[in-house]
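**Student:** Next come the chains, spelled out residue by residue.
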Amino acid sequence: MPTIDWPHFTPWAALAGGVLIGLSAAMFVLLNGRIAGVSGVLGGLLRPMKGDVTWRAAFVLGLVGAPLVYGLFTVLPAAQIDAGYGTLALAGLLVGVGTRYGAGCTSGHGVCGLARRSPRSLVATLAFMAAGFVTVFVLRHLLNL
Amino acid sequence: MWTALASLLAGLVFGLGLIVSGMANPAKVLGFLDVGGAWDPSLAFVMAGAVAVSTVGFLLAGRRKDSLLGGPITLPSLRHIDRRLVGGSLLFGVGWGVAGFCPGPALVSLGSGEVKALVFVGAMLLGMGLFEVIERRR
Numbered sequence: 000m001p002t003i004d005w006p007h008f009t010p011w012a013a014l015a016g017g018v019l020i021g022l023s024a025a026m027f028v029l030l031n032g033r034i035a036g037v038s039g040v041l042g043g044l045l046r047p048m049k050g051d052v053t054w055r056a057a058f059v060l061g062l063v064g065a066p067l068v069y070g071l072f073t074v075l076p077a078a079q080i081d082a083g084y085g086t087l088a089l090a091g092l093l094v095g096v097g098t099r100y101g102a103g104c105t106s107g108h109g110v111c112g113l114a115r116r117s118p119r120s121l122v123a124t125l126a127f128m129a130a131g132f133v134t135v136f137v138l139r140h141l142l143n144l
Numbered sequence: 000m001w002t003a004l005a006s007l008l009a010g011l012v013f014g015l016g017l018i019v020s021g022m023a024n025p026a027k028v029l030g031f032l033d034v035g036g037a038w039d040p041s042l043a044f045v046m047a048g049a050v051a052v053s054t055v056g057f058l059l060a061g062r063r064k065d066s067l068l069g070g071p072i073t074l075p076s077l078r079h080i081d082r083r084l085v086g087g088s089l090l091f092g093v094g095w096g097v098a099g100f101c102p103g104p105a106l107v108s109l110g111s112g113e114v115k116a117l118v119f120v121g122a123m124l125l126g127m128g129l130f131e132v133i134e135r136r137r
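Each protein sequence line maps, in turn, to chains V and S.
Reminder that position 53 of the first sequence reads as 52 in numbering that gives the first Met the number 0, one-by-one numbering, no gaps.
Reminder that position 29 of the second sequence reads as 28 in numbering that gives the first Met the number 0, one-by-one numbering, no gaps.
FYI, nobody ran anything at the bench for these hints, they're computed from the structure.
Every clue listed holds true.
Short, incomplete list of chain S residues facing chain V, as computed with Cβ under 10 angstroms:
id : residue
1  : W1
2  : A23
3  : P40
4  : S53
5  : G56
6  : L67
7  : P75
8  : V85
9  : R135
Okay, the calculated beta carbon distance ranges per label pair:
id : chain 1 : residue 1 : chain 2 : residue 2 : range
10 : V       : V52       : S       : E134      : 15 to 21 angstroms
11 : S       : K64       : V       : G85       : 45 to 51 angstroms
12 : S       : H79       : V       : D81       : 34 to 40 angstroms
13 : V       : P76       : S       : R83       : 35 to 41 angstroms
14 : S       : G112      : V       : L144      : 22 to 28 angstroms
15 : V       : V74       : S       : P71       : 39 to 45 angstroms
16 : V       : D81       : S       : R83       : 29 to 35 angstroms
17 : V       : Y84       : S       : R83       : 28 to 34 angstroms
18 : S       : L4        : V       : D81       : 34 to 40 angstroms
19 : V       : L44       : S       : G70       : 16 to 22 angstroms
20 : S       : G128      : V       : H140      : 32 to 38 angstroms
Yeah, the Cβ is synthetic: ideal placement off N, Cα and C, and Gly gets one too.
If we strip away everything but chain S, and leave its shape as in the complex, we get:
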């Protein structure tokens, strides 16, 4: 119950951050990715602010065994840098550059009632589902 409420609140604050920062607007994101044209460096400030604040959170979490709500703290344990990590990230980057949407902003735009976001999110879920199917067959 509390975990679900905390998740809801975290999602909400995250989404508000995406709206306030301008990242929920694909044209703004593409303005950042367009270093060869008129470049809008705003997104770098989003990253800087987000990383600075969350670093404090992870430092505090690193000193604890359990979360404040009593559950375990589950952080990724993978260490190796492989073809999946790089290849997957490159594919993601191409998709990001094509439409200016990454997963968070796409979900926020869905909430704004953008029909185009619905198409993007639908295709994204299809892609994620495709990954699940391929993984299960391996």
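The shape of chain V in the complex, shown without the other chains:
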């Protein structure tokens, strides 16, 4: 049985944030007829096609602008990034290549895909979750990094 990290466990904030994310995905498919998958939206900008750039760029701009808007109302919660620059570069490369080959990430497969009951997305979600759990276990508990 895992030991629960009670001091860091924030179920209500997590649920509230999740509802906002779900609201965004619902709004995106109803208004724009698209999947709110961050890697897909971003990746599509790298092979720009006519009429396909603006909505993608606008979505990315919204994501990047979120902390600024949040900061207008209250203090932005501090983020903790422990990884060094080299590690971040390696991780970014893996995430970039992996999400494009796997055709989605936590948003496209994990949120929208599961909401659509897509078997492909279920498999993808189980795969990246499992890989994430194993990676952290190996790095933290086997290699003690």
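We have chain V already, so just place chain S on it with the hints.
**Tutor:** What follows is chain S alone, placed relative to chain V:
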């Protein structure tokens, strides 16, 4: 015009959700992935809330031919589960576990002015570009 505004708003709400939920913080994400240590199950609640609400959106969208703004509803048509899907997702999961960043939170952190997020996003775009180059050569 309206499509761009709707996208901007969707991105904004998505980003706010990532901040509120704590998912924009890599240490929090790694706390969820660390089942062998002190485990923070919060992320499961993010997923549950997000999937529950977006399910309603997709059910409503499934009954429509066009979106509310008049464009087509384009949902993925791929059905097969292949090596690319599983292999790519595994690679992504390893990268996610190494730094605690996935694409959405990384873009949000970029907006918070985190220099480290800039390095991650730069490398991620490089990886996505690499995929495009390899795909075009196939």
